[in-house]
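Participant: So the chains spell out like this:
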Amino acid sequence: MTRARLGRWGMCLAAIASAAPALAQTPAQPLGQREREAAIGVVIAGPASLGSTSASFIRPNGTPLELFRVKNRFAFRYGVEAVLSYQIARRFWLEGAGSWTLGDVESRVESDFEDATLLTASSTVSRFTVEGGGLVALNEPGAVTWFLRGTAGWMRELGGDNVIAENGLVGNAGFGVKYWWRDPATGRRTVGLRLEARANARTRGLALGEDKLRVAGVGFAGLMFGW
Amino acid sequence: MRRLAAVAVVALVLLGLMPVAAAYLKLGTRIDDGGIVGVKWTRTIRFFVTSRDVDGVSPAQLREVIDRVFQTWREVPHVGQGLNVEFGGFTNAEPGADDGESVIGFRSRPELERTLGAASFEFNNQTGELLASDIFFNSTFNWSAAPAGQPGRFDVESVALHESGHLLGLGHSLLGETELQANGRRAVLAKRAVMFPISYGSGIILDRVLHDDDRAGLVDIYNNTSSNRALGSISGRVTLNGSGVFGAHVTAFHTGTAAMVGSYALSDDGTFVISSLEPGTYVVRAEPLDDADIDMIFSSGTDVNIDFRPAFHAQLVSVPAGGASGTIEIRVQGK
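Just so you know, the sequences run in chain order A and B. Residue numbering for the first sequence follows the working numbering, beginning at 1 and increasing consecutively. Residue numbering for the second sequence follows the working numbering, beginning at 1 and increasing consecutively.
In case anyone wonders, no lab produced these hints; they're calculated from the structure. Some hints could be false.
In silico contact screen, one side only, chain A against chain B (beta carbon under 8 Å); selected entries [said to hold, decoys possible]:
1. Ser-54
2. Ile-58
3. Arg-59
4. Val-109
5. Asp-112
6. Gly-160
7. Tyr-179
Label-pair distances were calculated between CB atoms; the ranges are [claimed, not checked]:
8. B:Ser-300 to A:Ser-126: 49 to 57 Å
9. B:Gln-126 to A:Glu-110: 49 to 57 Å
10. B:Asp-268 to A:Glu-210: 37 to 45 Å
11. A:Glu-66 to B:Ala-146: 25 to 33 Å
12. B:Ala-182 to A:Asn-61: 18 to 26 Å
Glycine is no exception: its CB is placed at the ideal position from the N, C-alpha and C atoms.
The whole structure should be built from the sequences, with the hints applied where relevant.
Facilitator: Here's what the structure looks like:
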């Protein structure tokens, strides 16, 4: 095989690999035009276990005598999130995000040694997050773009009518889709819709249960604006 | 005073002391003008150890034990380093004598058949200043200073840690459960405070380690700028049909660290304060004192309400660093 033939086969493979799917009819943007996007929407986080803690006395033989046990969890949380994106490569965006969510932390009291009435005690916790990360498009960016996304950052949790506050770490990993409406005349993006499903991990923050990495499912739905 | 089992009169009352109505149960004395001053050292604690041998514990061993227990208290965060303790030497003096010296040692008290040890105090009657405090260990019992304890012998370090807690001003904690035995004595089922008034029993060394409740009690007495900034408190009332419940035992349980700190409702309106708490979120529980506990805490004849069921506060309680939770109300129901 000659050097000229190798070159032609190489160009052909590259064209196949970069072919846009049928839904993405808009032409790929030149690399010189970096897209900037902003999204704002609602975020819903599912329940997350915070583990069990036991109020125990110590028997003469050193084993615990459980007075009562509490099972701790975050209930559903709701809030808002804003995302800023900056395209640094054809399929890669740097992202910064900030969110505020509100929800109850619950401690369900179980198995009281002296038969106290069992109940679930609760308190409202708000969480602020600031994160940074990246988004990778799974297809050639166009009207519909599927993506994977990961972020990590700082959080601050406020509890008990904001009388206590602790900082912690938070991370998100998930996938989603962006859909853009475009001006038919100019082909420019006008507004878009962004939907995401994530796994949210949290550590430290308010000491609401065992200090472990806690994972919850999170959904995000928001409107996007591009320029 | 540490006892093998409950008896009719609490030693603290016999000594003319009384619980101070504040957060953690601590000791105080009535001074000449009628006021009550809490037991608190404002000077270096200079202690002497009796030179009397008992089977199983030499004077030198006892001195080492006392050094260790004071060191254990001195390791309590925020306040422990502020306790100044100094060994004065060995002495032939008896613990319990009004000699202005703090003497720690063994003494035979066969008439106190359920008393392992006790602390006593000397005050300035006008100012309430604590001048000296003695601790005696009842040599009627068999004792051990062995590192791992000895079957059939009471661990002098465990009892010394409890009695030195009294010496520092702490009252009794009720974080524990007991059961009545066939011989009429109460045995510990389980506990979580060195300052619980009943010993685990002979051969057991579990009481060489302080618990959250013990540490909170010490900080409550010797609080300073550091502890006031770092720790918080819960205050509230225990009510039954709208009326306060005097004598209710209230426990705060940290949902994250599992720390437990107890206190009492020490006024007729059921008001309680649990202080020196690590910041965090707490489950709060109120319970009546056990029949057997009452005389360990209150003077005989005190009208303590024990006719209600244990109950939890319906909300989690958040404790900030350097602050207090809002006032809570724990509503209990009659039995």
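Participant: Restraint: A:Ile-58 near chain B, CB-CB cut 8 Å. Satisfied or not?
Facilitator: holds (6 Å)
Participant: Falls inside 37 to 45 Å, the C-beta gap from B:Asp-268 to A:Glu-210?
Facilitator: Roughly 40 Å apart at Cβ, these two residues keep to the hinted range, so it holds.
Participant: Just to be careful: measuring from the Cβ of A:Tyr-179 to every Cβ in chain B, is the smallest value less than 8 Å?
Facilitator: It is violated, given that the least Cβ distance between A:Tyr-179 and chain B is near 41 Å, above 8 Å.
Participant: Is it true that the C-beta distance of A:Glu-66 to B:Ala-146 lies inside 25 to 33 Å, as the hint says?
Facilitator: holds (31 Å)
Participant: Once the shortest beta carbon distance from A:Gly-160 to chain B is found, is it less than 8 Å?
Facilitator: With a closest approach of 2 Å, the A:Gly-160 hint holds.
Participant: Measuring from the C-beta of A:Val-109 to each C-beta in chain B, is the shortest one below 8 Å?
Facilitator: holds (6 Å)
Participant: So, A:Arg-59 near chain B? Judge it on the closest CB pair being under 8 Å.
Facilitator: This hint holds: A:Arg-59 lies near chain B, its Cβ roughly 4 Å from the closest one there, short of 8 Å.
Participant: Does the Cβ distance between B:Ala-182 and A:Asn-61 fall inside 18 to 26 Å?
Facilitator: Holds, at about 20 Å.
Participant: Using 8 Å as the Cβ threshold, decide whether A:Ser-54 counts as touching chain B.
Facilitator: holds (6 Å)
Participant: Taking 49 to 57 Å as the hint, is the beta-carbon distance of B:Ser-300 and A:Ser-126 inside that range?
Facilitator: Once the Cβ atoms are compared, 51 Å apart, the range 49 to 57 Å for A:Ser-126 and B:Ser-300 holds.
Participant: Falls inside 49 to 57 Å, the C-beta gap from B:Gln-126 to A:Glu-110?
Facilitator: Check passed, 54 Å falls within 49 to 57 Å.
Participant: Would the stated hint for A:Asp-112 survive a check requiring a Cβ distance to chain B of less than 8 Å?
Facilitator: holds (7 Å)
In this structure, the one hint that does not hold is number 7.
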